[in-house]
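Enquirer: Protein chains in written order, with the working numbering: chain A, 1 to 395; chain B, 1 to 395; chain C, 1 to 395.
By construction, these hints were calculated from the structure, which means they are not laboratory data. Please read these numbers as outputs of a predicted model, since none were measured by experiment. There's no promise every hint is true.
Covered by chain C, according to a simulated footprint, are these stretches of chain B (three or more residues, beta-carbon under 8 Å) [what the hints assert, rightly or not]:
1. 68 to 80
2. 159 to 168
3. 179 to 189
4. 280 to 289
5. 355 to 361
Heads up, simulated BS3-like pairs for lysine-lysine below, C-alpha to C-alpha not over 27 Å straight-line [to be verified]:
6. B:K158 / B:K74
7. C:K74 / B:K74
8. A:K350 / C:K74
The C-beta atom is built at its ideal place from N, Cα and C for all residues, glycine as well.
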Amino acid sequence: MKIIIEDHLILHSVFQDVHVMIFIGFGFLMTFLKKYGFSSVGINMLIAALGLQWGTLMQGFWHMEGGKIHVSIKSMINADFSTATALISFGAVLGKTSPVQMLILTVLEITIFACNEHLVTRVFEATDVGGSMTIHAFGAYFGLAVTLVLHRPGLKNKHQNEESTYHTDIFAMIGTLFLWLFWPSFNSAIVPETPSMITAIINTYFSLAACTVVTFALSSLVDQRGKFNMVLIQNATLAGGVAMGTCADLPIHCFAAMCIGSIAGIISVLGFCFLTPLLASKLNIHDTCGVHNLHGLPGVLGGITGIVVTAIRTDTGPGSRFTPSMQAAALGSTIGIALAGGVLTGGILKLPFLGHTSDQNCFDDSVYWEVPEEEKPCEIHSNNYHEHIRSEATI
Amino acid sequence: MKIIIEDHLILHSVFQDVHVMIFIGFGFLMTFLKKYGFSSVGINMLIAALGLQWGTLMQGFWHMEGGKIHVSIKSMINADFSTATALISFGAVLGKTSPVQMLILTVLEITIFACNEHLVTRVFEATDVGGSMTIHAFGAYFGLAVTLVLHRPGLKNKHQNEESTYHTDIFAMIGTLFLWLFWPSFNSAIVPETPSMITAIINTYFSLAACTVVTFALSSLVDQRGKFNMVLIQNATLAGGVAMGTCADLPIHCFAAMCIGSIAGIISVLGFCFLTPLLASKLNIHDTCGVHNLHGLPGVLGGITGIVVTAIRTDTGPGSRFTPSMQAAALGSTIGIALAGGVLTGGILKLPFLGHTSDQNCFDDSVYWEVPEEEKPCEIHSNNYHEHIRSEATI
Amino acid sequence: MKIIIEDHLILHSVFQDVHVMIFIGFGFLMTFLKKYGFSSVGINMLIAALGLQWGTLMQGFWHMEGGKIHVSIKSMINADFSTATALISFGAVLGKTSPVQMLILTVLEITIFACNEHLVTRVFEATDVGGSMTIHAFGAYFGLAVTLVLHRPGLKNKHQNEESTYHTDIFAMIGTLFLWLFWPSFNSAIVPETPSMITAIINTYFSLAACTVVTFALSSLVDQRGKFNMVLIQNATLAGGVAMGTCADLPIHCFAAMCIGSIAGIISVLGFCFLTPLLASKLNIHDTCGVHNLHGLPGVLGGITGIVVTAIRTDTGPGSRFTPSMQAAALGSTIGIALAGGVLTGGILKLPFLGHTSDQNCFDDSVYWEVPEEEKPCEIHSNNYHEHIRSEATI
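Only chain A is shown next, with the shape it has when bound in the complex (with noise of 0.2 Å):
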């Protein structure tokens, strides 16, 4: 095996972009948890590396040329694509699993996902430039299964370290940016024809704009007293992003990008509003970060959309000799997959010699971080306490 390097540059700054969103967005939308952040941003870091080095080699297997490993922009742009999915699973399963578990997790989901990307674009070839169907839904329900198998009845009841605190989701809102701000490069990075790629990039911007707007009103809608919420607002608002990703390079009317956003925005908010405390509860599926309304729900949206705009097109142009059936076949056997994988890699996360996190330690980086202590005001106000008392005293 011998790696060759070839030469994209033009690529590079989209490269850079999708480079941002897998260790910035990813990393710090999930630094929400009050007591979760280093684990967040920092085994989201160790993840994102280690797959991405595992990425370019099974990647590079189903596409290797004379034994070599072909090496460059565009499969570095690959690399950090599967990567992605081995991170959404993450958000599914975050606070509950070791780094050691999810280093196993991120070896096999990229393994199966790798296959079943070959089994997407060169078996059925289908479309899916944005990795709506075998990025982000492959990746929520291989979370979703994974999270299934690990259940902890012991969570039944709120977790006290599973909220935010006032800063932690200002840090998340920087994930949230980066995300909704380079998914246009993300949804468009390997589309292989410039016009098509701007198609890609303006039709992904229309959707998330549209998304949001969609998010906010709703999100203030669904609330008792008609106030936002940040959960919504953090996740909800990039839902557009994903739903665009099977046919964001396909020549389809901007305005239809943005229903296709707006769409995207109302079933995630609906999603994270009444589906997520009917997973956990009724079906035993914690979903930490809510990754099936953000990944899940819009990626099979994505999907969807793929198999009815193949269906209704009628000119000849780039992507034309895509079918319905193909695109729902791609879309099926991802989630078949993806939860064949996940339950599979949940029963091996299980293994009693991997040592697993009590209930008790959940959702807290003092397990596996060395952490500061607790900041000094409260401590100085700890000093000035004796005054009071003293004070008090007087009186």
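With the hints as your guide, set chains B and C onto chain A.
Expert: Only chains B and C this time, still in chain A's reference frame:
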């Protein structure tokens, strides 16, 4: 009306820089208020997402060909530009308006902006590539007029929430730095020719660098104890980018750019120290973020620079057709239209059925957002409290 | 002297990446100290803004043609590079110097850097595209020499402010990640030919990925309880980028790049754990950010790698004219000049009229900045306090 897509991939990385400025730059710059971070970064996102769609339509109407709006990377840049005006005005009224009021302001301001921009660039044929006049001065004076009309006598005395904390000041620096770093892209994004684009990048880069050094020096000089002031560092360091906007692509010398940046820094610092308190106390113009000092005065400086440069230049290079009289007309019309538009918009926002926050609830996220409870450290301390009491009691 | 502008738009997106590293990367990496965030990100900005102007002049003098300094995207990249050396040295003395001292250091260090860089690239004709030697090792040893000369015996025992808090460690990760993400651009920015540029990007990408995995593993291994340490994750994960700087664009194998990254990670982690405490206690070299482990040792490793690669390569591709002896001369002269320059600069900074912070005031923003008062939560608590007292009293 139909939307057509043009091909400008080369502009994509510049567009991304501008996009980051709008969402991360403006959003985080305003997070300095201790209890208004969700609104700063969240409502900023909402305004921008709505604004870019509305801006695409408004600017499209003026540039239609055969009843079709052309959508391209360039139109996306222009849409982001039009959004910037609304975000600048948001800075002036920050903490004192409701999200619904901001949406109305966004739609009205972008409509008026598109008309003024058409007037400046098509009727007067003036130059303003980086929008010193049409974006920055326009947004600032529009916002100041709105905040004047919405004057709250109850806020004469400083509101207890109108201040920063240590961490929110660092969040704001994220905004400052991304604005600072990508300003050269902002000022060069719509320059039509490559060599002039490079000129615009380099001039803005040096203007900002000089402005930053001057701002630090002056910040220390105007302080009684010689200390730096975060408000100045967060804002006045950017004035060099604003002031460079009108003649960034004209063949001025690097040293001239550095002089412009230095003067902008001086004006901005002095504005924050002396003018803002005066505007608030004498003219009832309460400018939360000090946009008059960051966008207003440096924007006017940029407009004046444009008049001077077009008056004294003698070469026949690109842009030699611009005349000082038309530049002056552009500056005057921009400020006039901004003030009139702002008064009109402020009047509409005052309509009683829009609902107003009470003075007490200003600068407070919890009115419009679900906000997590106070952070744990103090509660933990609170638990230790009884032990203290007991030990004290024992004594 | 006149400044001429050249045309290199293609380099613009790479320049932006480097620019982000300098201001966001270095700035936020140093925000880990609990009370020194304003200075870290603010003085970093001041140093960089001054440094890039001075660096443009200094490097311009050596490359003048007909008494004119050429300004271009490339010269802006080189100016940012020269600034990096001052920022690395800032890391060594962080918290122990005044802003005025830092400005003097910046001017002196960039001047000496420009001379050494001329010596290395023009006289020795050695290769060092990513500046392992000329930037990283130079900046680190310069800073170490300065901190030795400015030794404060009163800080032998750990200063109470020389530690992080939970949130400041997350702020620092913003810096780490942007440095990590854009390091491939840093190492490829001044590579003259496109294919070699791609090579540099890919080699650095894999070196960093391998380094990160090794750093996490080793961080857990060296800890008594097997926990990860944020200091190591924030810093040692970047060593792979530093070590790759000298031969990033040479035709080495991807696996070789990964080996170099792994070794860099190991060296860096071991340096933090064992060498830094030793330097502080035995040699009176107190290195606040541990730049010796992030820039010093990996920079020397990069230099040695350059010697080895030029010695064993047999092809005649680009860069085949470099010789191991000249590479060794470059490494030796760089370290020698850095140490001598650092001692000289330290001596100048010790001049009594420059004003020194007392030991007690080290690592504290409030000496040079207007700092907001302590955060509210505790004051709120303080208000609840009397109620507690009363309820206690009632009992």
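Enquirer: With reference to the structure, classify each hint as holding or not holding.
Expert: Now the hints, each set against the structure:
1. Interface restraint, the region 68 to 80 of chain B with chain C: violated (0 residues with C-beta to C-beta distance below 8 Å; minimum three).
2. For the region 159 to 168 of chain B, the stated coverage by chain C holds: 5 residues have a C-beta nearer than 8 Å to a C-beta of that chain, and at least 3 were required.
3. Coverage of the region 179 to 189 of chain B by chain C holds [criterion: at least 3 residues with CB-CB distance below 8 Å; count 4].
4. Here's how the region 280 to 289 of chain B fares: 0 of its residues keep a CB closer than 8 Å to some CB of chain C, so the rule of at least three is not met and the hint is violated.
5. A stretch counts as covered by a chain when three or more of its residues have a beta carbon under 8 Å from one of that chain; for the region 355 to 361 of chain B and chain C the count is 0, and the coverage is violated.
6. Taking the CA atoms of K158 (chain B) and K74 (chain B), the gap is near 43 Å; set against the 27 Å cutoff, the hint is violated.
7. As the CA atoms of K74 (chain C) and K74 (chain B) are separated by approximately 26 Å, the hinted pair is consistent with the 27 Å bound.
8. Under the criterion of a C-alpha separation no larger than 27 Å, the hint pairing K350 (chain A) with K74 (chain C) is inconsistent with the structure, at around 54 Å.
In the structure shown, a violation is registered for the earlier hints numbered 1, 4, 5, 6 and 8, in ascending order.
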